[in-house]
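Residue numbers (my numbering), protein chains in the order written: chain A, 1 to 665; chain B, 666 to 918.
Worth flagging that the hints you see were computed from the coordinates, not collected in a lab.
Just so you have them, the derived chain B footprint on chain A, three or more residues with Cβ under 8 angstroms:
1. 236 to 248
2. 562 to 568
30 angstroms max Cα-Cα, derived DSSO-like pairs, lysine-lysine:
3. K632(A) x K350(A)
4. K632(A) x K886(B)
5. K705(B) x K911(B)
6. K483(A) x K350(A)
7. K632(A) x K885(B)
8. K350(A) x K283(A)
Virtual Cβ for every residue (Gly too), placed ideally from N, Cα, C.
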Amino acid sequence: MTMRKNNIYILFVAVILGFTVSSCHDLELEPKGIFDEGTLFNSDYGIRTYLGAIYNELPIEDLNYYHNRGYASGNDIGNYWEAQKNSPAVLGAEAAGRRDGDGTPEYWPYERIRRINNFIEAIPDYSAFHSEEQINEYLGEAHFLRAFYYFGMVKRYGGVPIIREVQDPAAPLEELWTPRSTEYDSWKFIYEDLKFAMENMAGTSVTGRANRYSAAALMTRAMLYAGSTANYFETLNITAGPAINAGLMGMRREQAAEFYQYVVEAAHFIQEGGYRLHDGANKEIAFTEVFTEDLNGVEDLFVKLFGPYGNQSIYNSRLNHSWDSMVLPLGTGLASDVGSALHPAWDLIKLYQMPALAEENENGDLVPVRFNSLNDLWQSEEMEPRARGTFFFSGMTELASGEVMDLQAGVYRRFPGTLADATADAQTNDYMEQYRIRTHAGRGEIDIQTVDGVPGVKINGLYGLSLSGGDEGRSTTGVFIRKYVNPRATAGERGLYRSSTPFKVFRYAEVLLNRAEALYELGLLTGNESQKAEAFVYINEVRARAGARPYTMVAAPEDVSEEINALYPIDENLQFIRDERARELAFENHRFFDLRRWRVLHTKMENFYPRGLMGYYVVNEGKYIFLNDREKENRGLNYNRANYHQQIPGGQINRNPNLIRNDGH
Amino acid sequence: MKKLLYSLLIAASLFCMASCMEIDNFDAPDAHVTGRLTDKTTGENFITDHGDTHIRIWEMSYSINPAPQSIPVRFDGTYNNEKLFAGTYDMLPHNGPYWPADTIRNVAIGRKTVTQHFEVTPYLHITDFEAVLEGTTLTLSCRLSAPFTEMTINGEIVPLPNVLEVRPFLSLTQYCGAANYIGEYWTNDYRVNLRRAWSNIDTDGDGKSDATYTITVPVKKGYTYNVRMGANVNYTDQKFNYSEVKRIVVPND
Numbered sequence: 001m002t003m004r005k006n007n008i009y010i011l012f013v014a015v016i017l018g019f020t021v022s023s024c025h026d027l028e029l030e031p032k033g034i035f036d037e038g039t040l041f042n043s044d045y046g047i048r049t050y051l052g053a054i055y056n057e058l059p060i061e062d063l064n065y066y067h068n069r070g071y072a073s074g075n076d077i078g079n080y081w082e083a084q085k086n087s088p089a090v091l092g093a094e095a096a097g098r099r100d101g102d103g104t105p106e107y108w109p110y111e112r113i114r115r116i117n118n119f120i121e122a123i124p125d126y127s128a129f130h131s132e133e134q135i136n137e138y139l140g141e142a143h144f145l146r147a148f149y150y151f152g153m154v155k156r157y158g159g160v161p162i163i164r165e166v167q168d169p170a171a172p173l174e175e176l177w178t179p180r181s182t183e184y185d186s187w188k189f190i191y192e193d194l195k196f197a198m199e200n201m202a203g204t205s206v207t208g209r210a211n212r213y214s215a216a217a218l219m220t221r222a223m224l225y226a227g228s229t230a231n232y233f234e235t236l237n238i239t240a241g242p243a244i245n246a247g248l249m250g251m252r253r254e255q256a257a258e259f260y261q262y263v264v265e266a267a268h269f270i271q272e273g274g275y276r277l278h279d280g281a282n283k284e285i286a287f288t289e290v291f292t293e294d295l296n297g298v299e300d301l302f303v304k305l306f307g308p309y310g311n312q313s314i315y316n317s318r319l320n321h322s323w324d325s326m327v328l329p330l331g332t333g334l335a336s337d338v339g340s341a342l343h344p345a346w347d348l349i350k351l352y353q354m355p356a357l358a359e360e361n362e363n364g365d366l367v368p369v370r371f372n373s374l375n376d377l378w379q380s381e382e383m384e385p386r387a388r389g390t391f392f393f394s395g396m397t398e399l400a401s402g403e404v405m406d407l408q409a410g411v412y413r414r415f416p417g418t419l420a421d422a423t424a425d426a427q428t429n430d431y432m433e434q435y436r437i438r439t440h441a442g443r444g445e446i447d448i449q450t451v452d453g454v455p456g457v458k459i460n461g462l463y464g465l466s467l468s469g470g471d472e473g474r475s476t477t478g479v480f481i482r483k484y485v486n487p488r489a490t491a492g493e494r495g496l497y498r499s500s501t502p503f504k505v506f507r508y509a510e511v512l513l514n515r516a517e518a519l520y521e522l523g524l525l526t527g528n529e530s531q532k533a534e535a536f537v538y539i540n541e542v543r544a545r546a547g548a549r550p551y552t553m554v555a556a557p558e559d560v561s562e563e564i565n566a567l568y569p570i571d572e573n574l575q576f577i578r579d580e581r582a583r584e585l586a587f588e589n590h591r592f593f594d595l596r597r598w599r600v601l602h603t604k605m606e607n608f609y610p611r612g613l614m615g616y617y618v619v620n621e622g623k624y625i626f627l628n629d630r631e632k633e634n635r636g637l638n639y640n641r642a643n644y645h646q647q648i649p650g651g652q653i654n655r656n657p658n659l660i661r662n663d664g665h
Numbered sequence: 666m667k668k669l670l671y672s673l674l675i676a677a678s679l680f681c682m683a684s685c686m687e688i689d690n691f692d693a694p695d696a697h698v699t700g701r702l703t704d705k706t707t708g709e710n711f712i713t714d715h716g717d718t719h720i721r722i723w724e725m726s727y728s729i730n731p732a733p734q735s736i737p738v739r740f741d742g743t744y745n746n747e748k749l750f751a752g753t754y755d756m757l758p759h760n761g762p763y764w765p766a767d768t769i770r771n772v773a774i775g776r777k778t779v780t781q782h783f784e785v786t787p788y789l790h791i792t793d794f795e796a797v798l799e800g801t802t803l804t805l806s807c808r809l810s811a812p813f814t815e816m817t818i819n820g821e822i823v824p825l826p827n828v829l830e831v832r833p834f835l836s837l838t839q840y841c842g843a844a845n846y847i848g849e850y851w852t853n854d855y856r857v858n859l860r861r862a863w864s865n866i867d868t869d870g871d872g873k874s875d876a877t878y879t880i881t882v883p884v885k886k887g888y889t890y891n892v893r894m895g896a897n898v899n900y901t902d903q904k905f906n907y908s909e910v911k912r913i914v915v916p917n918d
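Same shape as in the complex, but just chain B:
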């Protein structure tokens, strides 16, 4: 009797284990897409921070109403994804601080590396960025310029959205921006609150802000900071356009 029970048990467990032996009939996704985001007005790579902008993709060959996926754009404006399913995708630069871009339809992404570049037009440029250190006081200044004050989108003339604020971004790593900053500096004390239309910022119409925006922040001795300034406009995601990064070494004594 015992033998019977044991053999039944072994048979049952073997039966259960059988499903583990089977090899998955799907390969891991290995399609590869890469490329960069460039600033249409300068031809340079688009200046951003990690997580501020994405390439949004829709796998059109899989579903009639596909869920969007996002590929983050790196600090230097490039992006890369090596783990996609081969198929046909729609691609769009998404939620970054630039005028709405056009979706590129039906990009065939397969085993071979596909390179897809995108051109975007930033809402703002941060120009004349200066960082002056005096003792433990860092004075940051910049001006804004707008490549376009209006844009024709789907046959409608859309004005540049209201400019919201100018902020400093300080970081202790090589990365710097709205995803990599020292939180103490993100307060209302260290910003320029604008919340107004571009026509009130650039009254003489030369494409640059009339004012130079200056923000003074305290820094600590013996630290090396990476510093940049950013400004944002009131669009869907309110992300920032940035200046280049400056390295500030605060001496120890």
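Chain A with its partners taken away, still in its complex shape:
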């Protein structure tokens, strides 16, 4: 006992001494474990380290983007297993999945912008270590990165506070409370930054790092968003409040042409840089290669890398995604976890060139076309190869596993009715109850039954619909996503967080589509027919690579706005350009943002239920039909029109009372 008491006493004295002696030490020492600016900015390696973290958090809606939670920047930073299931593709009507709430989360990355501003201010002081040209390239790159962060904000909120300099935390609060700039000025700020980047950045870069053409590509996208907001904001007729009156949200139609013109100029700049579409004799394979091969300097303008890759590029986040595992079904060589949680929806599939699935009967009613095999759909000459590169239809083979995607959804005993009988809004009706058979088979099971005396009728495909088992593991819409699926994946690479297929942030096809849309809108605004015609040169360039038939511009186009309940007239040529974007850029997380900037999302997504492309066997005929049934989970979707301009986060207003809230909420 005494021994212990002694110990406690000694310990006590030691601690007291430790405290007193430590004050003799000078605390103002350079910490040895932290790289300061001087260490980082005097070498390219250091600068890459500094910028790498900024690259990691760029607002890229990539394969990990979670619609309601935002961007994943590291394996344990916002990288949710269910991200793909909650892809923005769901609210863009591209796929059936999950979605909770229709807002997108708070996005207020001024901490990153501060780091960029710090870099812009400091790097000219390191001219002893870098050539003048190099310093200009770094400055250009920093301006590109800053524009990208601002683009992430302005597309959500409209006008935001513009901060060009590093703020001094000790300054009076009134100076730090930067008010929002107008939406017009915010877009122009992005324009100025990108213009600087296009003039100063290097002409080439390693895969994963940006160059001046990446900046130009962002220019085409950002300015197209700006043009659309100016063009269509007023159609919403939002009651003006403080934000609209001050120009903080929304723009006027007269301001649209300026932005569309910037798109055209930047796209021309990229064309001059020698970019082109990746093509090949086999159009289907060529299209899949766009997403699985490194096409740096050909079609790729900027790529986000995933997985571990040391020092070869700017990133070193070791961030992975789960794309293969979340779009392919559970099965040998296929997904090893979860499996197919994001299911392509008819609303997207129907836009592609494909054989007719229904025809008129003698009464003028639509009835399903009879096929000899489900394969007849995709093996038809009529099916555009790009669709086969985007989807796995029933009967197609997944290359890495060699598995055939048998996606038969069920059988009909007989099918004496019309398409309307079998695809009513209700999940079941008397017609379906009487004739349709579907299965509750478990995973990996095929249900074989005797139907109306016919023995051995296969009810479902191996990966096809089962009414049990929720929305994971097997198909609920009769089609799987093929885009971005790794054709060389080993089984081990198809679990959660095991995929590292890079994401093509900007590719030349998008630039062509941006250019075409901007040209056609310019033509509409100014009555310039030659600009309209030029738009279809680029549309047809995209269609040629896709293996689809070229489109001829309709001279006297009809207004097709009724179909999607749009609030303003849309001519059929313009709608074709918009649909071409949907076809080419499917699942690249453009669709939601496109529908949003066109202000047609809220009328399209009004009690919207996704449908599928379901293959059924008709037993008494021995034939197959395709029906666009409602997806079985039957989740209705709505979009709140107030979110075209998201509300400024309340927490930010608490910090900066000069921020004016958006109107219409």
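Got chain A; can you put chain B on it based on the hints?
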């Protein structure tokens, strides 16, 4: 030694618990505001459904840039909130289907009940509402009328926004409207899609729609429905103006 440890532990836990003993130095909010929303053109309570319109309030005495709060207006056009902090509020009828109203500034809401009424001018009235039941087929019809086809707001003449659509609302409870309806009836099959300016709806300028809008819906035997029709215009929230509610009893055989 053990005793020492235990007494230290007890002392520490008592210390931690101390904060639980303290009585909150703020009272629960108990300021009370109530009132009703009336239709300026008729003097009657404004016809609405739960959640379609709100009284938006800003607590001006608390912050220079206050976050808005909303008090929902009930089915019968009244509203009530008994749990506000006493203070000075700005109040505005908000996001309902009426011409933009004026904000009432600096309403002092304290311990005593404050009654604050609001007058609003609806975009549309639904008139001549009929509901005819034949077997299990219900035929609903109505006409629209617009109290004003334009309005001067902040010195600018603003036309009535485009009329979007006419819809039926069927419900099995006493409440009926865009917040309380049977979802099967909210499809494009059971609506009149207008999407046009008022001048194309009322060509003779008598303030009423030229056409009578008719929608036929199937109903089920043995059910009692509450039914009304609504129409909306393209303003910020696109909420509906409603007709009165009719009760439809579908016989069992």
